[in-house]
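Since chain X is already given, all that's left is putting chain V on it; use the hints.
Listed in order, the protein sequences are those of chains X and V.
So that you can map any letter, position 184 of the first sequence is 184 in the working numbering, and since no number is skipped, the others follow by simple counting.
So that you can map any letter, position 45 of the second sequence is 45 in the working numbering, and since no number is skipped, the others follow by simple counting.
Some hints could be false.
What the hints assert, rightly or not - Partner residues are not named here, just some residues of chain X that face chain V (Cβ under 10 Å, in silico): (1) 25; (2) 48; (3) 53; (4) 55; (5) 59; (6) 79; (7) 89; (8) 91; (9) 101; (10) 105; (11) 108; (12) 170.
To be verified - If you want the footprint, here are the derived chain X segments under chain V, 3+ residues with CB under 8 Å: (13) 80-88; (14) 218-232.
What the hints assert, rightly or not - Quick list of simulated restraints, FRET-style, between CB atoms: (15) X/57 with V/150: 56 to 62 Å; (16) V/262 with X/221: 56 to 62 Å; (17) X/24 with V/241: 58 to 64 Å; (18) X/169 with V/190: 42 to 48 Å; (19) V/195 with X/134: 32 to 38 Å; (20) X/13 with V/153: 56 to 62 Å; (21) V/247 with X/177: 36 to 42 Å; (22) V/220 with X/131: 49 to 55 Å; (23) X/9 with V/220: 48 to 54 Å; (24) X/15 with V/194: 30 to 36 Å; (25) X/15 with V/240: 48 to 54 Å.
Hints are computed from structural coordinates only; laboratory data are not their basis.
A virtual CB, placed ideally from N, CA and C, is assigned to each residue, including glycine.
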Amino acid sequence: MIPALALRNVSHSYGARKALDDVSFCVSPGSFTVLLGLNGAGKSTLFSLITRLYAARRGEIDIFGHNVMREPGAALRRLGVVFQARTLDLELSVMQNLIYHAALHGIGPIEAHRLGQAALARAGLADRAKDKARSLSGGQMRRVEIARALLHDPRLLLLDEPTVGLDIKARADLLALVRELVQEKSLGVLWATHLIDEIANDDPVVILHHGKVLANDSARAIVAEQGAANIGDAFTRITGAAQEKLSA
Amino acid sequence: MSERAAPTGFTLRQYLICLSGVVWREGLRFLHQRERFVSALVRPLVWLFIFAAGFRQVLGVSIIPPYETYVLYEVYIAPGLMAMIQLFNGMQSSLSMVYDREMGNMRTLLVSPFPRWFLLGSKLLAGVAVSILQVYAFLLIAYFWEIEPPTKWGYLSVLPALALSGLMLGALGMLLSSLIRQLENFAGVMNFVIFPMFFASSALYPLWRVKESSPWLYYLCEVNPFTHAVELIRFAFYEKVAWTSLALVFAYTSAFLVAAIIAYDPARGMLMRRGG
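Excised from the complex, chain X in its bound form (with noise of 0.2 Å):
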């Protein structure tokens, strides 16, 4: 089976600083992947790189084995995206949002329409359409920007540590869309994040530090293999054995 993401080799520096490190990892359609590291690790490094904002100075990046730099169009729209920051235009409307991102994707206005009809139902926000953006609550526009991000079905979809900023019932309800979503149309998830209580034990989890991966396996074998406690206690001896390494 093709995989929903593959990196081979991938690095990357801002000038003399490395930002990734020879990073290799996949995602298979139908799974939901943890991308995991603190603040600083790379991960945002990584999304710039896959959504090619800009080019890897080294290595190979596919989405369903169309290389992110060779065959631009192809890979992107296999792929949705929510970027960390906040992107939905204030000043439009949530169906404006959505109309535009359509558009985006050579999708016509009244198509469109009806697929953020759909979408913004799923997302339980139907009688939002009419609203501003800037009326939603942060938990509402992270649901938008999912539904904005599936609206022209992609099989990729990369989700930018999601959950920052919201409360516990948000996060909660965010993180059990993404996984029906997974469940329900076997996308390809990367999820990207610092916050070890996302994550389930049977999860593909890999872990992100200074640049390097660390560990790539499912959390249960992660966890086994450090003999650890949980994934939370296993990433800590990892990134901290890692670091001893550094400043020995």
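Relative to chain X, chain V alone:
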């Protein structure tokens, strides 16, 4: 059908949907930001009603093409004010691009599967359309101040000139937006770009007058792209073509556009060098 074999290209219709979507959004934003529209109108009107009225006695304009008689100073500076609207609009679009980039909105545009040159071109055309609307709103008010072309056709013949000069100034703004990392740095660019471009041009005074007082300033004005945008508009408003200015505006537009597209190119651009 496997994922790999799925279709990849877009049809012409889809390109048009994308272009009209970008223009539509820019139009909506413009309508929602009424203060932006008002300030875009007030700025040239202040120049016209106050500055020009005050200086009409001081600054005499001799008969120079495209004018066939003596003209009032207000009439002389009107094309410069039209270009000024577009200059501010171009810079404002670039400001919004820096803002969008900081806020993340720019990413939703750049992550679209359409080619990046097409996305940037669409954004540019959207800005030009808005600037042309502003110019015509200005001309409507100026009409009641007795500033009008010799025949009504002038309103139509000036349109291609406005489109080209809008493209040039928008492309310059886009290039600048790629070079500016943060919003805080923008005020300096406004001072270093807008004011020198406007004052070292033929917008406020004919270049022969500049030449009399300072030859080096005259040469500076001659190479200033804004001078040629103003002259292109001035001649087109009188249903004439300023060929040298047309060629230069075309050349400057191409250069700015190519540089902006390179600056936004993922593999070579400035975004990559500075980390977004």
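Going through the hints against the structure:
1. 25: violated (19 Å)
2. 48: holds (6 Å)
3. 53: holds (6 Å)
4. 55: Nearest chain V Cβ about 4 Å off; hint holds.
5. 59: violated (13 Å)
6. 79: Since chain V brings a Cβ to about 7 Å from residue 79 of chain X, closer than 10 Å, the hint holds.
7. 89: holds (6 Å)
8. 91: It holds, given that the least Cβ distance between residue 91 of chain X and chain V is near 4 Å, below 10 Å.
9. 101: Status holds, d = 7 Å.
10. 105: Since the shortest Cβ distance to chain V is 7 Å, the answer is holds.
11. 108: Since chain V brings a Cβ to about 5 Å from residue 108 of chain X, closer than 10 Å, the hint holds.
12. 170: With a minimum Cβ separation of about 19 Å from chain V (threshold 10 Å), the hint on residue 170 of chain X is violated.
13. 80-88: Holds, because 6 residues of the stretch 80-88 of chain X bring their Cβ atoms closer than 8 Å to Cβ atoms of chain V.
14. 218-232: It is violated: at least three residues are needed, and the stretch 218-232 of chain X offers just 0 whose Cβ sits closer than 8 Å to chain V.
15. X/57 with V/150: 56 to 62 Å: 59 Å Cβ-Cβ, so the 56 to 62 Å window holds.
16. V/262 with X/221: 56 to 62 Å: violated (46 Å)
17. X/24 with V/241: 58 to 64 Å: The hint (58 to 64 Å, Cβ to Cβ) holds, given that residue 24 of chain X and residue 241 of chain V are roughly 60 Å apart.
18. X/169 with V/190: 42 to 48 Å: holds (45 Å)
19. V/195 with X/134: 32 to 38 Å: holds (34 Å)
20. X/13 with V/153: 56 to 62 Å: holds (59 Å)
21. V/247 with X/177: 36 to 42 Å: Distance hint for residue 247 of chain V, residue 177 of chain X is violated at roughly 57 Å.
22. V/220 with X/131: 49 to 55 Å: holds (52 Å)
23. X/9 with V/220: 48 to 54 Å: holds (52 Å)
24. X/15 with V/194: 30 to 36 Å: 31 Å Cβ-Cβ, so the 30 to 36 Å window holds.
25. X/15 with V/240: 48 to 54 Å: holds (52 Å)
Against the hints set out earlier in the document, violations occur for numbers 1, 5, 12, 14, 16 and 21.
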